[in-house]
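**Q** Take a look at the letters that make up each chain.
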Amino acid sequence: GGIITQTPKFLIGQEGQKLTLKCQQNFNHDTMYWYRQDSGKGLRLIYYSITENDLQKGDLSEGYDASREKKSSFSLTVTSAQKNEMAVFLCASSRGGEQYFGPGTRLTVL
Amino acid sequence: QQQVRQSPQSLTVWEGETAILNCSYEDSTFNYFPWYQQFPGEGPALLISIRSVSDKKEDGRFTIFFNKREKKLSLHITDSQPGDSATYFCAARASSGSWQLIFGSGTQLTVMP
Numbered sequence: 518g519g520i521i522t523q524t525p526k527f528l529i530g531q532e533g534q535k536l537t538l539k540c541q542q543n544f545n546h547d548t549m550y551w552y553r554q555d556s557g558k559g560l561r562l563i564y565y566s567i568t569e570n571d572l573q574k575g576d577l578s579e580g581y582d583a584s585r586e587k588k589s590s591f592s593l594t595v596t597s598a599q600k601n602e603m604a605v606f607l608c609a610s611s612r613g614g615e616q617y618f619g620p621g622t623r624l625t626v627l
Numbered sequence: 752q753q754q755v756r757q758s759p760q761s762l763t764v765w766e767g768e769t770a771i772l773n774c775s776y777e778d779s780t781f782n783y784f785p786w787y788q789q790f791p792g793e794g795p796a797l798l799i800s801i802r803s804v805s806d807k808k809e810d811g812r813f814t815i816f817f818n819k820r821e822k823k824l825s826l827h828i829t830d831s832q833p834g835d836s837a838t839y840f841c842a843a844r845a846s847s848g849s850w851q852l853i854f855g856s857g858t859q860l861t862v863m864p
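Residue numbers (our numbering), protein chains in the order written: chain A, 518 to 627; chain B, 752 to 864.
Simulated from the structure, these hints should not be mistaken for laboratory data.
It is possible that some hints are incorrect.
What the hints assert, rightly or not - Derived, one-sided and incomplete: chain B residues facing chain A with beta-carbon distance under 10 Å: (1) Gln757; (2) Glu793; (3) Arg802.
What the hints assert, rightly or not - Computed cross-link-like contacts, DMTMM-like style, restricted to lysine to aspartate or glutamate with a CA-CA straight-line distance of at most 20 Å: (4) B:Lys823 - B:Glu793; (5) A:Lys558 - B:Glu793; (6) A:Lys526 - A:Asp555; (7) B:Lys807 - B:Glu821; (8) B:Lys823 - B:Asp778; (9) B:Lys808 - A:Glu615; (10) A:Lys535 - A:Asp582; (11) A:Lys535 - A:Glu602; (12) A:Lys539 - A:Glu602; (13) A:Lys539 - B:Glu793; (14) A:Lys526 - A:Glu602; (15) B:Lys819 - B:Asp778; (16) A:Lys588 - A:Glu569; (17) A:Lys526 - B:Glu793; (18) B:Lys807 - A:Glu615; (19) A:Lys558 - B:Glu777; (20) B:Lys808 - B:Asp830.
Glycine residues also receive a C-beta, built at the ideal position from the N, C-alpha and C atoms.
Let the sequences and hints guide you as you build the complete structure.
**A** Below you can see the structure in the form of structure tokens.
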């Protein structure tokens with residue numbers, strides 16, 4: 518078994534601020550993902566990485582940067598937070614088809 | 752373009768009833784369909800999955816029925832329990848070489864005691 522840890526759990530930012538979310542996994546999985554979840558909508562893929570130092574854009578990559586510094590960690594940066602933005606950012610990892618998710622970071626922009 | 756659609760958006764059943772959650776897709780190359788269960792404040796957790804070579808997958812009280820010709824599948828939860836109250840997401844992935852899961856918008860299930 519393993520676990521995915523996301524920090525912080527809650528993030529409050531100001532409009533225009535650059536914000537960084539972190540994810541760690543101890544499954545030893547090769548592939549990691551960042552999703553955005555808005556209320557009433559499904560999960561939308563922002564970035565994924567199939568190995569260390571690899572980055573692939575998802576459908577929602579505009580306004581975000583990502584970094585895969587090592588196999589176990591994957592960071593996401595909101596380059597300029599949008600006023601009144603509220604969403605949950607979910608990190609996941611996989612080897613093969615099954616994706617395992619972390620508990621999420623809840624972002625609120627004032 | 753929404754490639755995976757779920758209905759209903761919300762569903763309420765009584766304890767002991769069978770809940771039926773529906774999912775449809777557009778891309779005929781999709782061949783793997785996981786269902787995820789999400790409780791408030793938590794990330795989604797894989798509940799059950801099916802590959803397109805099968806028409807049925809059962810795991811305890813949870814059963815997926817799959818109709819490849821109609822591009823539809825459904826999740827049946829028999830003997831529903833209040834603890835099953837959660838949001839359920841249907842997802843799909845194309846044939847080998849694709850890393851992406853495409854998620855539906857979810858069905859919020861409430862089981863009344």
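**Q** Does A:Glu602 sit within 20 Å of A:Lys539, going by the straight-line distance between their CA atoms?
**A** Cα-Cα ~19 Å, so holds.
**Q** Hinted pair, alpha-carbon criterion (20 Å max): B:Lys807, A:Glu615. Please report holds or violated.
**A** 19 Å, holds
**Q** Straight-line Cα separation of B:Lys819 and B:Asp778 no greater than 20 Å?
**A** 11 Å, holds
**Q** B:Lys823 and B:Glu793 were given as a pair; does the straight-line alpha-carbon distance stay at or below 20 Å?
**A** 28 Å, violated
**Q** Against the 20 Å threshold, does the CA-CA distance of A:Lys535 and A:Asp582 hold or violate the hint?
**A** 10 Å, holds
**Q** Assess, step by step, whether the Cα of A:Lys588 is no farther than 20 Å from the Cα of A:Glu569, and give holds or violated.
**A** 5 Å, holds
**Q** Can you confirm whether the C-alpha distance between B:Lys808 and A:Glu615 stays at or below 20 Å?
**A** Answer holds: B:Lys808 to A:Glu615 is near 16 Å, not above 20 Å.
**Q** Taking 10 Å as the limit, does the beta-carbon of B:Gln757 come near enough to a beta-carbon in chain A?
**A** 8 Å, holds
**Q** Verify the proposed pairing of A:Lys558 with B:Glu777, using a straight-line Cα cut of 20 Å.
**A** Cα-Cα ~18 Å, so holds.
**Q** Would the hint on B:Arg802 stand, with a C-beta cut-off of 10 Å toward chain A?
**A** 9 Å, holds
**Q** Are the Cα atoms of A:Lys526 and A:Glu602 separated by 20 Å or less?
**A** Holds, because 16 Å separates the two Cα atoms, which is no more than 20 Å.
**Q** Run the distance test for A:Lys558 versus B:Glu793: straight-line Cα separation, threshold 20 Å.
**A** 16 Å, holds
In summary, the structure is inconsistent with hint 4 from the numbered list given earlier, while agreeing with all the others.
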